[in-house]
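Student: Letter by letter, the chains look like this.
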Amino acid sequence: MTEEYVQDLQPVTVTVNGTAHRLTVESRRTLADMLRHDLGYTGTHLGCEHGICGACTVLVDGVPARACLMFGVQADGREVRTVEGLASGDQLSDLQQAFSDHHGLQCGFCTPGFLMLAEAFLAENPDPTEEEIRDVVSANLCRCTGYQGIVEAIAATAKGRR
Amino acid sequence: MSEPVARADGTWVGASVPRKEDPRLLSGRGRYAGDVARVGELFAAFVRSPLAAARITGVDGAEASGVPGVVGVYTADDLGLGGLTAALDRAEFTATTMPVLARDEVRFVGEPVAVVVADSAYAAEDGAEAVEVAYEERTPVTTIGEAVRDGARPVHDGLPRNTYIDLPMFDDPGIDAVFDAAPYVVEVGFASARLSALPMEGRVCLAEWDDRDDQLVVYVSTQVPHQVRTGIARCTGLAERQVRAIAPDVGGGFGLKCVVGREEIVVAALAHRLRRPVRWAEDRQESLTASFHGRQQEYDVRAAFDGDGRLLALDGEVRCDVGAYSAFPFTSGVEPLMAATELPGAYRVPRYRVRARGVATNKAPTAPYRGVSRPQIVAVMERLMDKAARRLGRDPLDVRRANLIDDFPYTGVNGITYDPGSYRESLDLCEKTLRAEGWYERRGDGIGIGYACFNERTGYGTEAFAQRKMELTPGYDISRVRMDPSGTVTVTSGTASHGQGHETTLAQIAADQLGVDLDAVRIRQGDTDLAAHGWGTFASRSATIGGGAVQLASGKLADRLRTIAAHLLEAAPADIELADGHAGVRGEPATRMPIAEIARVAHFQSHRLPDADFGLEADASFDISGPGTFSNATHGVVAEVDRGTGGVRLLRYVVVEDCGVVINPRIVDGQVRGGVAQGIAAALYERMHYDAAGQPVTASLMDYLAPTAAEIPPITVHHLETPCAFSRTGAKGMGEGGTIGAPAAVLNAVNDALGTDLETVPATPEVILDALERQA
Amino acid sequence: MKPASYAYHRASEVHGAVELLAELGEDAKILAGGQSLVPMMNFRLARPTALVDVGRVDGLSYLRRSGTELRVGALTTHHAVETAALDGFGVLPRTARWIGHYPIRARGTVGGSLAHADATAEWCVLAVLLDAVIVAESVRGRREIAAADFFLGTFTTALEPDEMVVEVVFPRPAPHAALTEFAQRKGDFAIVAAAVSVDLSPGGRRCDGARVALGGVDATPVRVDAAERILTGAEPGPEAFTAAAEAAAQAIDPGGDIHGGPEYRRRLTRTLVARALAEAVS
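Chains as they are written, first to last, in the numbering used here: chain P, 1 to 162; chain W, 1001 to 1776; chain G, 2001 to 2282.
Check each hint, because a few of them may be wrong.
[What the hints assert, rightly or not] Listing some non-contacts, in silico: residues in chain W with all C-beta distances to chain G over 12 Å:
#1 1009
#2 1062
#3 1068
#4 1411
#5 1440
#6 1604
#7 1648
#8 1700
#9 1704
[As the list claims (entries may be wrong)] Below are the EDC-like pairs computed for lysine to aspartate or glutamate, each with C-alpha atoms no more than 20 Å apart in a straight line:
#10 G/2186 to W/1640
#11 W/1020 to P/8
#12 W/1020 to P/101
#13 W/1020 to P/84
#14 W/1469 to W/1092
#15 G/2186 to P/130
#16 G/2186 to W/1703
#17 G/2186 to P/90
#18 G/2186 to P/132
Simulated from the structure, these hints should not be mistaken for lab results.
Cβ atoms here follow ideal geometry from the backbone N, Cα and C, with glycine treated the same way.
So that you can see chain P by itself, here it is in the shape it has in the complex:
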């Protein structure tokens, strides 16, 4: 019976928002839980744990990842960026500011996932059409805003960066 509950511990060295961390986690510990509970980056939220809602989106080596679909151990040796890494001290990034300006958040629970999604998207697509923006916004779920403020915020950010 006990062999079913093998506690497989793995060492992980991971950089989060530029800070290096070394820790040991169970191999089944998701990246989301490792970030939230083992490392204290509670900005990344869990909305479904089956990869649909995108609230847990972070960047792993620049690539958007649903942190509920990755194990913490997979981030070993990688650079992770979470929502906590967007602002410079108290200074919100242009993207964050745009979300506020365009009322792209209400309860805020899905917001970190949208921010990281937008970060990754704009890095690859600096000049998107509105249709392309709405298309990428459709990757994540929001229950409060009806999405319009989110689409407008990303569009305004793209425009501001050009």
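Starting from the structure of chain P, add chains W and G where the hints point.
Tutor: Then chains W and G, alone, in the frame of chain P:
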């Protein structure tokens, strides 16, 4: 960070100031219940019934107790907690008790039977899997038809015909004669699917016992912290002050969290018993299937019209499938009673008869999901209007105009007095907008236009809630405003924001009263130790009632500031003006002092005060008498239906809404848009489907189709303003309007596009293709 | 929804990965992008006792032309295909856009999708349509499996428990090919996916050959002979396409689920096959 900018006249109310909540939420520095951590915390996981109806014959936690990391396994008998009984003081309603853990029987799939506590969420789930529960399976009832049939198996003993409530709410013995004589009788048989409010954050709580304050401290993702406190106190036997419920940042609620959950009580009780912090976070599967649902209703309604399209009479029955228990404290009566009371809505109905039924089934219990019965009653009325128009050969909007209430105040046949609104004006502007954009020229060939014209009761005060005869009658709110020695202000409110931006809007109200900068005001809410009492946030009450209390309390403190300033500036209090962070004397621009200085003096130089009234604090309560205040709106939708797939695309969505005085226009627009998105979801996408064995089939977000940005069009919102005469601020509530109008408008647009008569929501592609096939 | 425990192993090359698979037994699985596997593990529907993480195996992410063939490395992400210019194989990047959403495409892999064998998955349908060959490796060596033999049932392939997909080969270009699908929401799994490939005569006035594949109407993707026969020799156009679509709708025997009954899938098939054909020749 954007600086908030007041309006040109210096006031904050009416300005789209940036939200104070935003910086922390955008930085990932919000504090949701799941973010609060405690050393030595334990994790709970619930063992849930896999069957819809069964007797529990045994629970064996022995194997689970041996799972690594598991600290304990507890059943109902182990915990010995009372249950939650939600009651209405009316003979037609039969109360039921929801045990916090099922003891003898399970009544829906997902009902909690035992709880496992472990040192990690992962181990707790391992343990929950290993608990062995023996069941004697029974045949569940899963539809209203099955439930009320002769000989149907009872969901509860003592609940005859599985009926919580069966009430001819309005009777009119002569009404049949009116129908017999009427030139036109139109019928609607409408059905709406069971839904989940689906807040992005599920239910979460962290409870710990604090010896110094002799209380349980429970961080809980809730809309109703005081009611959670009451629920925990009742079930554990603790006194109310021995429970502190704190709703921190809450990731949405929409009504799912305005009732008390049994799991919250169990977790609190465990923390008390174990003297260790215990946390629980519901996963999405639990949230979808085992928390609370709403909106599963059936209507059989007929309306009599005269030759000019005027309503002569309305007669019908509403049946609500409200699941296995009454939720606390609203009860399972809330949906049927609201539906029956408010069906006439924005229309003049001279004669009315309606029967309201709430039926128990072996499915999850229901809570008041945003809009509650209003989306459905509006859909029924709006279908009646469109159908009557077709029968009479008239424009559907003209039929509406012939019937909309336009003379206020208006007391309807349902005994409700509607305060002034802009029902016709909103319809006119909505139609004008769609016509000007050329949509009428594009109508036809799969493109249709649909409208919904409705009102929305908000700001229910004590008197309005008392009509429901709930054991806990919500209504009033209490606010306390306190200024510290540095001149900054803390305002408490009994409301509990979960996305609505109260930290900003309530601060706008207080800042205007006190003449201080918006940054000088901090709103504290959601904490039962901070607010004397409160009812939380639901039923669109926070701006009206919460705002009213804040306005009164800050007004009182402002009076005190004026009294002190008058003394210090040697002027009359009536001549003191508070503005721009200063107290000044009217007509003497050079004579003024910073409000911060008044605060410093009041605290540290109290010998200079005019009297011995120390401290700078005021509180006030506020309530609305009568039925509440009615917002209104018209939704206009253009829909395109793909005849090959049954898919629907919304080409245009216009809302013309009136919620009285708008405190923060951007926040109001956001509420409308988010509400419309949920309404579109109800119209086309979402349904919580149970199979014949009572198994919830749509148990993940792969199958429960919450819409994405690809399914929700841009939504234009126009505002009209008919102030509320009695809410202090002039504001009406409006948080639910978006959800209320959308299903009706979308359904009407789809029917207009296809020439069909669909009367169920969601109108899925399969339903649409079936209808097209029948047409052919 | 936390997964059950398992033992984690990391491989840096194929050789090591297949040795681990052989050693760990049949309840071990490959972890690549994780976009299909990890949700199932979170639901505890999948409970592998061990995972071999191949995320860092080099040399398995490529799109390589070789004669008439296109060889796709198993760890090629959907996003890499989406953004590639593949002359003659344009149906692949166009199809990739149907897969989930951007973050899923950024991590999900072609090999992972094929091994997962969801009957509605775009790569599975395309593999069947275009007679792809799936290349698998194990400690016993390399094995080539034709797509027609690869998909055995719902989430079931011909792969042995210790085999790993390393490549999929599309044997010849398909310049007139298209895949279209329907789901209620953007990015959802298709309820029905229709993929077609047409060989046109030099003037474009005749279909010399046609292939029609459907996903979502059976436990695996299926080819529809009846539709293909109608198209072969016919003039490409609405008449032939409608007839072929009708034949496809009649030829299948789909089941029902929460999205709809059998008749619904038949109607979708009728619509989507016709639309795919129109897109393929446009």
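Student: Hint by hint, where does the structure go against what was stated? Just the numbers, ascending.
Tutor: Violated hints (numbers, rising): 3, 7, 8, 9, 11 and 17; every other hint is consistent with the structure.
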